[in-house]
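Undergrad: With these hints in hand, go ahead and build the complete structure from the sequences.
Chains as they are written, first to last, in this note's numbering: chain A, 86 to 341; chain B, 86 to 341; chain C, 86 to 341; chain D, 86 to 341; chain E, 86 to 341; chain F, 86 to 341.
One or more hints might be untrue.
One copy or two, it doesn't matter: identical chains are merged, so the pair holds either way.
Dumping the calculated DSSO-like pairs for lysine-lysine here, alpha-carbon to alpha-carbon at most 30 Å [as the list claims (entries may be wrong)]:
#, residue 1, residue 2
1, K176, K319
2, K172, K228
3, K322, K175
4, K172, K322
No lab work stands behind these hints, which were simulated from the structure alone.
There are 6 protein chains.
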Amino acid sequence: MAEIPQAQPVSAAKPVQAKSDFLPVRVSGFDSLLEDGALERGAVILLSGGAGTGKTTFCMQSLYNGALRGERVIYLSFEEEPSQIKKHMKKNFKWDFEPLEKTGRAAIVKLDATKVARQVEQLIDKNKGVLEIGMMDIGFPFKPDRVCVDSLSAVAIAFQGQETYRLYVQKLFELLASMNTLSFVISETEQVPKVYSRTGVEEFLADGVIVMYNTMVNNKRQNGLEILKLRSGKHQKAMVPYTITDKGFQFLARAK
Amino acid sequence: MAEIPQAQPVSAAKPVQAKSDFLPVRVSGFDSLLEDGALERGAVILLSGGAGTGKTTFCMQSLYNGALRGERVIYLSFEEEPSQIKKHMKKNFKWDFEPLEKTGRAAIVKLDATKVARQVEQLIDKNKGVLEIGMMDIGFPFKPDRVCVDSLSAVAIAFQGQETYRLYVQKLFELLASMNTLSFVISETEQVPKVYSRTGVEEFLADGVIVMYNTMVNNKRQNGLEILKLRSGKHQKAMVPYTITDKGFQFLARAK
Amino acid sequence: MAEIPQAQPVSAAKPVQAKSDFLPVRVSGFDSLLEDGALERGAVILLSGGAGTGKTTFCMQSLYNGALRGERVIYLSFEEEPSQIKKHMKKNFKWDFEPLEKTGRAAIVKLDATKVARQVEQLIDKNKGVLEIGMMDIGFPFKPDRVCVDSLSAVAIAFQGQETYRLYVQKLFELLASMNTLSFVISETEQVPKVYSRTGVEEFLADGVIVMYNTMVNNKRQNGLEILKLRSGKHQKAMVPYTITDKGFQFLARAK
Amino acid sequence: MAEIPQAQPVSAAKPVQAKSDFLPVRVSGFDSLLEDGALERGAVILLSGGAGTGKTTFCMQSLYNGALRGERVIYLSFEEEPSQIKKHMKKNFKWDFEPLEKTGRAAIVKLDATKVARQVEQLIDKNKGVLEIGMMDIGFPFKPDRVCVDSLSAVAIAFQGQETYRLYVQKLFELLASMNTLSFVISETEQVPKVYSRTGVEEFLADGVIVMYNTMVNNKRQNGLEILKLRSGKHQKAMVPYTITDKGFQFLARAK
Amino acid sequence: MAEIPQAQPVSAAKPVQAKSDFLPVRVSGFDSLLEDGALERGAVILLSGGAGTGKTTFCMQSLYNGALRGERVIYLSFEEEPSQIKKHMKKNFKWDFEPLEKTGRAAIVKLDATKVARQVEQLIDKNKGVLEIGMMDIGFPFKPDRVCVDSLSAVAIAFQGQETYRLYVQKLFELLASMNTLSFVISETEQVPKVYSRTGVEEFLADGVIVMYNTMVNNKRQNGLEILKLRSGKHQKAMVPYTITDKGFQFLARAK
Amino acid sequence: MAEIPQAQPVSAAKPVQAKSDFLPVRVSGFDSLLEDGALERGAVILLSGGAGTGKTTFCMQSLYNGALRGERVIYLSFEEEPSQIKKHMKKNFKWDFEPLEKTGRAAIVKLDATKVARQVEQLIDKNKGVLEIGMMDIGFPFKPDRVCVDSLSAVAIAFQGQETYRLYVQKLFELLASMNTLSFVISETEQVPKVYSRTGVEEFLADGVIVMYNTMVNNKRQNGLEILKLRSGKHQKAMVPYTITDKGFQFLARAK
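TA: Written out as structure tokens, the structure is:
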């Protein structure tokens, strides 16, 4: 499994080919786990794992490397402040989103989950059970190539009823798919999850499910990632160990 | 266990014998697990398994091979868009549903689970607890020989109450049975399921239950399929390992 | 454990002795597990097991062999259509209920669980919490010697409240007992059950509990039957392995 | 552990000493598990175990042997018909309650759990949360020395709310204690219970808790009895194996 | 671990030193498990364990030995009658509370949990969510040095809502603390508890948590006690085996 | 892992450098588990563990050592009385908060969880779902460098609905972050937790999660601490054993 070079300086990056159907994920050797070497545009990928497994890091690494190559990327936060996220990414991994934001290739956006939930509930009430949401409603400043929503769990707990949340998830996924973007949506689970989301609905609406495990072996934590489901093509069916270094995700090489 | 030839070009396929009571499933060697070598027309078969076990692939392989031999087949989606499904089936397995749709032998139909749930709830309200549904209500353009409903789980979560959902499932099963079609209905479960559906009602209303397991052994996933229940006849009582290749399902041969 | 001859042609069967207090079950060697070699008339026996364990087959074998010997038997279905059941029994085991129905010795009746539940709820409402049901209310065309109700699970899910269901079960059991019939009532459980019914009430209202297990050993299913409780007399306290052949249930012989 | 002679013919029994504070249980060697060799009058003993563990048999053996020695005993059934119970006890163990009933030493009474629950709920409603019940309210024809209530589980499910049931249990226990009777109250649990009653309240209101286990070892059931709690004195703290023969309970002897 | 002499005759006991901040527990060698050799006045100690673990015995031993040394002690029962408790303590352990009650050093008080719950609920209703309770409200005839409340579980089930119960527990703990008494409050749990109270709130409001385990080893029960939490000082962090003899609790000696 | 000197007398402490972005935790060798050797100002750290694991001690040690070096610290109690906490800290660890309070460097504040919950609920009601809270609302006498909230669990149970509690937690975390303080918020869990808070929301709103385990090995308790999640930087991924001595937390040294 050859290592894909990560996080090159901006000048070294080439724009991606427009209208390609597939986008490499560009997170360490992740793409080599996929037969296509990339994920499909329009796909919504559920990223599930416990606290501290690196879900945000995985996404940020993908967004950063995408933007470096000329894509437009959006990180939609329902939890941490954009200034904090950028500070941490720069400090921990030297991923500097400032120049990318200035050149319009990246946007890091914060939405208040409670406000979103209240608005959605009012819309559903007003329209008698029907919900339509547009790009503006989710705070996107432009049509992105690559998106991360962090996290659906924060959104789920803000809703008053499971039913309205499910309707919101369905419409959000449809919207993301309609923009032809590659989307990662994050779900926080137990450390060794057997269900991959709060309601169980996200995992079968999603076009793919990636699970991050955090197992305790001899009082040490070991991380592993598994591609559980992928509609667009074949993938390795195994748990791949990883660590997080100052270059982000590092997978242990495995013969494919 | 002899391999049944799969996915022959359309021209090579012969029409099935009309009025036969049984239809071969035509998914790799699956039929050899059945004493009858086929499943009964009018039977509703519950297909249960976790995310990524290949439930959709199993059904599509059966529908495609049926249509190739002259049957009329319908895939009723409550999740993925028909265009996406067709694209993925063609890309991953070379199963091209376009010519089959043009010649009227296949239909891939999408219904909105939320809308269906709301309509059913209104019907039940209006008719004081009684529900009657017809072929048109479930979006069937013709009376099919073979059907896949993907998935009941998506329908279940769209209903506001378990009771109305159960009534819907009961009536849906009766309708499918009345059309003399062989029906697969999909239920998404945990990776190693002990219950086979959301409400537990599907599994004893169904005429058969097929379970797909996704077990983690030495950090590798292994898939196995089991026929748990079948009213129409005897079957192998064991978990049969399988992989999914670019030809679809492949069972490991076992002496019967 | 001597094998009791099964399923003799009708002409070979002798009428049972009238007014006997006990009826042999006549399912392979099952009766040899009982000190009395038979079950008591008036007893309601709960038959619990997972999907595909053969609960319906067990009952049908008992009913068929009883009817062959001159008894009157009723199979009350809340799930499968009578025509289907008869077709499957004839195909799989050569048990032909048609001549038995014609001579008035067998009846296979279907009731709609939802309708029954609604009627019972209305009766309870009308009579302020009191419920009386008669033989006609449960669709019995005659007073039977042997009965199977398949399944209580289907009835349980049709009720809107647990309380009304429990009252119904209590009254149903009383009615069956009052007719001096030997009754099997089926409950669908998990494959290796620890509770034997949906509400837990059936198992202590019943005069006996028979449990059917479906355990996975080395990826093969193994079936075992256990008599867990029996008010009328002593019985073997062990799990007895069985298979289902084209002659129905076959127990592995064990010294008593 | 010496065997206490069981079930002598009536003529051979001597009247118990009046006003004794303790009553031997008289179930095989059970009394030898107790430092006092007997249980205290006024004590309410919870008898918990799964279906088929012999809870009713244990009680009946105690009642029968008590009545034989001149006590007055009552069996209060919320489940089985008195005629059936008597028939089974006579058939299975030769315990004939008829002569005991005729001489006024035994009464086997049936109450309808649903009716009792409705009456109690009305009383509580009428008296604004206060409940008083007397000997007549629970159908006792006389003040007994020994009582069995079979089962609290049947009563529990008949109540509409846990709160009213708890109040009823509390008052029932107080009433039984006030009559200076030795009372066994039965609770049906799982086969290897970890909680001993439906609501968890019975086990700490009771003066003693006896648990009956039904464990599966090598596909054979093994029964064991444990005295878990006893306010009146010390007792063996171990699981004592037992079988049920045609003489009732038989404990395997253990050095005390 | 030296044995502290237990249960001396009244005449041999010396009055405790007034105004001391700490009180020895005086239950066999328990105090040697504590760095301070005693528990703090004003502390509320939760005593959690399954049925039959000896929670009441532990408290009674502490109260009795305290009273013998001149303290004033109160046992507040929500379950057993005072006359019964005294009878059992005298019979089983020769702890005679009668002379202590006559000399005003001990009081054994019974409160009806249901009545207390109703009163508290009315007070909260009347005062719009605010609750104040005084010494009289909990039936204390005098200000005690040492108290046992047996049991909180009985109180918890008498309340109609968890919220009002929690408020009551909070106020009860504050009241007990304000009297500078050493208080044991009993909670009935499973035999090998992982949570230590019904609502989970008692264990972090308490100043200490003592857990009593009842584990089954080779079909024999083994008892062990653990001090899980203690705000006032250090303690042994291990499970200490114990038995209950006719002298009450006996810990197996362990080097500290 | 070098030991950081703990709990020097006040005179020996030097004021911390103002405006530093990171603050050492100063709890035994804890800081050596962090790549930065400190935690970030503005971070909210969830401290989760069972009763008796030392959560309060950990925080108090950090606050005390911070105040000794010139920081201003606040301990916000929702459980124990300030006078008790101070007494116990002085007695058990010789941490004397009195002089620190007098010089304005420490404040130990008690709030009534029930009152806070009622106020928050009223505010939310009044402002139609919107909640704003300020420094005064949480009883802070000054803007602190270091804070401990003990415990969120006590607050959680005081709320009538999960939704309002979640909103409160979110706003509390935002407020703490806005003050540029290093905040520890305590959550009481099971002894070997798999979820780290009552609602599951705290753990993904927090900037870090520290878990304290209390495992039973050979009947002895062993404590271990794990940093599960930390947004600001890398940390050791293992369970580090610790004991609590009269100097507070002591970690067993491990090569980093």
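Undergrad: Check K172 against K322 for me: Cα-Cα at most 30 Å, and say if that holds within a copy, between copies, both or neither.
TA: between (35 Å within a copy, 22 Å between copies)
Undergrad: How do K322 and K175 come out at 30 Å by Cα distance, when the copy is not named: within, between, both, or neither?
TA: between (33 Å within a copy, 21 Å between copies)
Undergrad: Is it within a copy, between copies, both, or neither that the alpha carbon of K176 lies no farther than 30 Å from that of K319?
TA: between (36 Å within a copy, 10 Å between copies)
Undergrad: For the identical chains here, do K172 and K228 meet the 30 Å Cα criterion within one copy, between copies, both, or neither?
TA: So K172 and K228 pass the 30 Å test inside a copy (25 Å) and across (24 Å) alike.
This entry satisfies every hint, going by the numbered hints stated previously.
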